[in-house]
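Participant: Using the sequences plus the hints, can you model the full thing?
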Amino acid sequence: MKTLFDKIWEAHVVSTVQDGPTQLYIDRMYCHEVTSPQAFDGLRNRGLKVFRPSQITCIPDHNIPTINQEAPIADPISKKQVDTLERNTKEFGLTHYHMGHEKNGIIHVVGPENGLSLPGMTMVCGDSHTSTHGALGAVAFGIGTSEVEMVLATQCVFQSRPKTMRLNFHGRLKAGVTSKDLALYVIAKMTTGGATGYFVEYAGEAIRAMSMEERLTVCNLSIEMGARGGMIAPDEVTFDYIKGREFAPKGAEWDAAVEKWKALKSDEGATFDKEIDFDATDIEPMVTYGTNPGMGMGINESIPTLESIDEAGRISFAKSLEYMGFNAGEKMLGKSIDYVFLGSCTNGRIEDFRQFTEYVKGKKKADHVIAWLVPGSWAVDKQIKAEGLDKILTEAGFELRQPGCSACLAMNDDKVPAGKYAVSTSNRNFEGRQGPGARTILAGPLVAAAAAVNGCITDPRA
Amino acid sequence: MGELEGANMEKFITLTSTVVPLPIENVDTDQIIPARFLKATSKDGFGDNLFRDWRYDKNDQPIASFVLNNPTYNGEILVAGKNFGSGSSREHAAWAIAGYGFKVVVSSFFADIFKNNAMNNFVLPVVVSEEFLAEIFDGVNANPAITLTINLEEQIITNNSNGKSESFQINPYKKECFVKGLDDIDYLISKKDMIERYEIARV
Ligand code: SF4
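Going line by line, the protein sequences match chains A and B.
Under our numbering, the first residue of the first sequence is numbered 1, with each subsequent residue one higher.
Under our numbering, the first residue of the second sequence is numbered 1, with each subsequent residue one higher.
Be aware that a few hints might be false.
Said to hold, decoys possible - Calculated lysine-lysine pairs in the DSSO-like style (CA-CA distance at most 30 Å, straight line):
id, chain 1, residue 1, chain 2, residue 2
1, B, K175, A, K274
2, A, K49, B, K175
3, A, K90, B, K180
4, B, K192, A, K7
5, B, K180, A, K49
6, B, K82, A, K331
7, B, K192, A, K90
8, B, K82, A, K189
9, A, K335, B, K58
10, A, K260, B, K192
No lab work stands behind these hints, which were simulated from the structure alone.
Facilitator: Below, the structure written as structure tokens:
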């Protein structure tokens, strides 16, 4: 009796070093411009070629400007990094979806939407949110640049085998509660290090009831509780999502693939190193109040008091609230905000734009709020326009930007100024994440929409 | 083990050093090296921007209260609060720590990817108990000159201010890499025929 994780992992073991790590075969690697240049240099220094070029897809996303992509990147250092990726892909013969390419966008959005990420695969990228792709029923995890070099050179990485954890969600999410809220709820319960050393499988009624895009959001955030990765057993929802996508198997190959994929689930009675149950009906729309994603709470609750925090954590807790300009014990509801960011590999997909648009339809953006709506890819942008969401957004006072990571980590020009509050659908509220001194409140697309319209933290169900 | 010697990897067996204390929990990689410094295309120079936004103010002036700016504290061992290195997979965090001159980071808990990245750059993450960690912080508070000794061969860390020791874990393969200065890539490359056999077998 095996877990889903065991099945995929074991099928990819090339060798195991005695008393050491596993040499794991990687089906697909994604590379972006920030964490790959030193890996390509390493290859050159060793006089090596890329071992399996067809299994590697390169997409610049972190530095990409979200306006005027038609022109060269203005920031010379960003430009150099993006150009370096292009040069490396040419030199080593790799697929490259350059800025402006119809398949350009955030890697974790582009991979699934093109059928590059499939059930049963092992996938890596020099990016911690590679966990996203696990939603398709795969083992996907982030690696460092030395490991990117290993995969370029040998299509393998060394990994110690993680422990397994299953999180079961009983019941369904209530109306107005999104998969992002579920993820923020779990991270708050688990804390940011609570799943370190584990690979997490999400299961239960609430997960089964989710669309593929909602599942991608949940798995995306696995890393924020320290997990090596997150995964969901593939089912009809998964197969329907993949079918017909460009790089998905076709015809007889498709039928054979689906047959194989159906076996990708944890066997009845398989044991996990840890198993935790949650009641999905307990979950409310969430916001974060601090400077790590574990510092989240239901939108109607109050920030914890200092006394409720255990002693070793009080210095960090106080430092965090000081940075945010919040007081222990107070409510978040009604707090004025300055920026709203809809986008990132967490919430930059079409369903996120549909939810946001649904809320703002017929309403107006608050005057003082600056809103950045950034599709996760050009394909998402195209779909937004095909559905006419852009017109509704324009009428409500919003404008759409061009795809990229954008304000998620502010490597381009989309920086939140020091001291300003941003309600952000991204994944990290670390100090300075959205620009030096920026104050990030993480939330789902509905809470972001309500904040954009009301200019303050508002329960979207109110 | 691989027969090839790693290129410019510094070997590491025992180390005795004063410490730099950072008693903050959940230090994430965005603090270790902020995203705006990730635009370099080489591994050099990251040490200058280690903990940039805690270390320098808006006008690039050193913030006196931050420990790296306090001449009382120095050494090759960084001692940090629980859950060090959470967040992004950026190896730039490990390059920054190594570039600054740290050879060891001691904490009661590390994030997974950071731990791998650190080891791949010959920075040793040493996990100690909460109690042992608290005693280091107390010790260095009372006397900044206290030292720790890390004996990698024996897998023992000693707090020389109170003589207490703890053993720490490292997998035997990684330990050999550290001791011999070997790197994973050389080892994997030596296994290429095995990889090709695996590919053929799975089709
Ligand atoms: S959107 Fe944000 S979290 Fe996702 S890959 Fe880009 S920078 Fe990383």
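Participant: Now look at each hint and say whether the structure bears it out.
Facilitator: Hints, verified against the model:
For the hint pairing K175 (chain B) with K274 (chain A), the CA-to-CA distance comes to about 28 Å; that is within 30 Å, so the pair holds. Annotation: proposed proximity of K49 (chain A) to K175 (chain B) holds, straight-line Cα distance about 29 Å (limit 30 Å). Of the pairs offered as hints, the one joining K90 (chain A) and K180 (chain B) is violated, with about 36 Å between alpha carbons and a cut-off of 30 Å exceeded. A C-alpha spacing of about 24 Å is found between K192 (chain B) and K7 (chain A), which places the hinted pair at or below 30 Å, so the restraint holds.
Note on K180 (chain B) and K49 (chain A): the hinted pairing holds, with a Cα-Cα distance of about 26 Å set against a maximum of 30 Å. Among the hinted pairs, K82 (chain B) with K331 (chain A) is consistent with the structure: their alpha-carbon atoms are about 28 Å apart, no more than 30 Å. Distance hint between K192 (chain B) and K90 (chain A) is fulfilled; the C-alpha atoms sit about 24 Å from each other, no more than 30 Å. For the proposed pair K82 (chain B) and K189 (chain A), the alpha carbon gap of about 17 Å is at most 30 Å, so the pair holds.
At most 30 Å may separate the alpha-carbon atoms for a hinted pair to count; K335 (chain A) and K58 (chain B) meet this at roughly 26 Å. Distance restraint check for K260 (chain A) and K192 (chain B): the Cα-Cα separation of roughly 28 Å lies within the 30 Å cut-off, and the hinted pair is therefore satisfied.
Hint violations for this structure: number 3 only, all remaining hints satisfied.
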